[in-house]
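Go ahead and model the full structure; you've got the sequences and the hints to work with.
Taken in order, these protein sequences are the chains called R and Z. First residue of the first sequence: 1, per this note's numbering; consecutive thereafter. First residue of the second sequence: 1, per this note's numbering; consecutive thereafter.
Computed footprint of chain Z on chain R; a stretch qualifies when at least three of its residues, placed anywhere within it, have a C-beta under 8 Å from a C-beta of chain Z:
#1 104 to 114
#2 140 to 153
#3 238 to 251
Quick list of in silico lysine-lysine cross-link-like pairs, DSBU-like style, CA-CA up to 30 Å:
#4 K456/Z with K228/R
#5 K456/Z with K134/R
#6 K401/Z with K88/R
#7 K115/R with K401/Z
In short, the hints are calculated from the structure, not lab data. Yeah, the Cβ is synthetic: ideal placement off N, Cα and C, and Gly gets one too.
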Amino acid sequence: MTEHNDIDRISGRSTTGHEWDGIRELNTPLPRWWILAFYATILWAIGYWVVYPAWPLLSNYTTGALHYSTRASVVNDLAGLEKLRGEKMAVLGKASLSEIEKDPTLLALARARGKTVFADNCALCHGSGAAGAKGYPNLNDDDWLWGGSLDQILQTIQFGARSGHAEAHEGQMLAFGRDGILKIGEIVTVANYVRSLSGLATAANFDAAAGTRIFAENCAVCHGENAKGNQALGAPNLTDGIWLYGSDEATLVETISYGRAGVMPAWSGRLDPITVKALAVYVHSLGGGQ
Amino acid sequence: MNKTVSQGDLLAEEGRPLYVAHKRVHPQSVRGTFRTIKWRLMVVCLGIYYLLPFVRWHRGLGAPDQAVLLDLPNRRFYFFFIELWPQELYYFTGLLVLAAMALFLMNALGGRIWCGYLCPQTAWTDLFYAVERWIEGDRRERLRAAARPMTMERAAKRVLKHAIWLMIAWWTGGAWVLYFADAQTLVRDLATFQAPAIAYIWIGILTASTYLLAGYMREQVCVYMCPWPRIQAALTDEWALNVTYKYDRGEQRCSLKKSFDLRARGERVGDCIDCNQCAAVCPTGIDIRNGAQLGCIQCGLCIDACDAVMKKVGRKTRLIGYDNDINIRRRMDGKSELFKPVRPRTIVYASLIAVVCAVMLYALLSRTLLDLSVLHDRNPVAVKLSDGSIRNGYTVRLLNKRGFDRVVAIDIDGPPEASVHVVGLDSVTVDRPMIVLARDTTTELRVLVTAPVDDKSERSMPVRFRVTDIGLGEVASATDHFVLP
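Here you go:
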């Protein structure tokens with residue numbers, strides 16, 4: 001800016017020399033520290049361009065003297081995390097399931113790890129608190145289709161049920177109606193019979209003797225003569241208060257007519273063995289473990 | 001700046017400027033009552049600050065032997081015989097309330113006592129002034145030197161001054177970090193460059209801030225940065241004693257010689273001989289004779305300066321003293337002076353201090369060294385078991401604040417026939433679960449309470465968790481709810 005010797009009479013300060021309709025602008029320079037800070041930011045920007053990736057090129061970008069990349073640093077961080085985690089998790093890997101359950105420190109570690117893994121992988125079907133939903137078992141209760149001991153839970157998580165894995169649990173609830181094994185009247189009767197096993201109300205004209213007979217001929221093979229179920233086949237206990245799909249007559253008729261074949265995926269290929277172990281301990285410690 | 005009409009003149013017309021360019025203050029040294037009080041308080045306060053981390057306090061195995069320690073990594077705060085856990089941070093709230101109330105009470109009694117005598121900014125600035133005076137001489141020498149071109153000797157003195165300032169600042173920052181780790185170990189680690197980076201960073205930050213605030217910014221901090229003068233102005237009242245120039249006695253100012261002449265002629269002349277000593281010794285560069293003002297930190301040094309002059313000229317001392325406008329007016333009206341330290345305001349502050357102290361003392365004495373907290377499962381809130389009974393899950397956190405391991409038993413008062421199970425604790429040989437609590441730790445347990453509930457008329461019922469130290473008999477309990485699905 002050119003220097004003006006134009007001094008404002010009232011304030012005694014120099015003006016910029018600009019004048020609009022007799023109004024003149026006082027020359028009020030920015031404070032020196034401010035200007036210096038401003039120049040410093042410019043220098044900083046130039047330094048930044050040199051050191052860090054800054055300018056887009058046609059097919060690439062200037063990588064900067066440091067070759068810094070957020071992607072690389074994330075990969076690095078993750079690797080570091082894995083390494084950090086690996087040391088702790090190796091201890092879990094060495095301990096047996098029952099040892100983990102008995103050692104408060106290992107139990108806390110396995111539960112913490114299991115909880116996050118559960119939230120990422122299992123909560124979708126079983127719910128974030130493992131309370132389950134229709135068709136998806138509640139893992140907090142004491143009723144288990146395939147067994148609730150630590151080893152059995154581990155087995156189920158590893159290979160799943162009807163997952164297609166060679167070692168997966170296999171079990172079939174036949175479609176008695178669709179496949180013409182039972183007539184609709186018989187299905188209604190046996191549905192009422194099953195309800196009566198756990199003390200639920202039955203239809204007014206329900207024929208208990210017929211129900212007993214139909215059950216013994218068709219259902220007892222898997223569910224057992226006293227309907228207590230069979231964990232080897234994944235056949236549920238029909239005498240307790242816990243129902244995977246519901247206990248009302250319509251649901252039971254649907255179950256008997258069309259069968260059920262819920263799928264639990266196998267996790268052994270997707271999660272590493274130590275993680276699966278931690279998951280089993282977590283599920284077991286939810287309260288349902290036997 | 002071009003000067004036809006000075007900016008100062010212009011602003012004087014419009015009132016006080018919002019900011020005036022920094023004029024270096026060169027306060028003169030002074031001796032007297034208040035100066036002595038200030039020196040002694042400085043020695044006590046800085047002495048405590050610098051040396052407290054080195055005071056040892058035996059706490060037993062595994063616990064740090066430092067009297068005052070803020071152990072952030074382990075989340076423990078040690079203050080002599082008191083050990084605070086994170087959940088007891090409300091003691092710090094109590095301390096802050098106490099500090100505020102003490103500040104208010106001081107203010108109601110004697111104005112900005114905090115500013116003048118106790119504020120760290122005052123203490124360190126005073127110390128830095130002392131160093132400056134010792135090396136570069138008193139006010140007159142420094143003013144004379146500042147007007148002359150720089151010489152080698154003066155440059156050397158200046159370097160020495162800054163070196164000593166930096167040493168004080170460095171030790172100030174160093175003492176700060178010693179409160180956060182074992183002081184003896186940290187000093188050794190710092191010296192051998194083994195200490196964590198954060199320690200060096202904090203020392204750097206506090207060294208810089210001490211050096212800048214006490215060496216350069218000085219009274220600017222009090223005038224422009226500190227909120228307390230503004231708050232203080234709103235909190236004070238007319239009875240508070242402030243460093244006051246008693247203009248009823250001082251005016252008309254008159255030089256000593258002239259005053260003798262005038263008095264000989266029987267004319268009334270004030271006691272102030274306009275020697276400007278009060279302004280010369282002022283660390284914030286104000287003239288107290290202009291009345292109470294923001295820049296006055298009420299350190300009382302002008303009182304000492306004025307008293308010395310008054311003694312010399314054979315007049316009554318305390319022309320400047322702790323006083324208030326009420327008394328000035330009363331004297332002018334021929335009434336006697338009146339001081340009212342006990343008034344509603346001070347009574348309220350003092351009572352609040354007493355109440356907070358009592359509450360804190362009660363909380364401190366009644367706290368247990370065994371504690372628990374209970375968190376009910378939120379998802380699911382209740383689980384129905386195959387036999388029809390209901391189970392609720394809880395996260396129970398047990399706190400063992402003692403310095404040794406101990407065995408506790410957990411039991412509950414809750415729904416009839418309820419049973420307790422602790423996950424991971426299979427072998428329950430007695431009728432209730434027993435846990436070993438490691439010393440000085442929290443232990444988190446997953447506790448399941450199962451009860452056969454026939455009566456579904458109530459949605460939930462209270463359940464009381466009780467932990468009992470098998471050896472000592474200490475008991476702690478917490479109440480939660482047993483919820484039905």
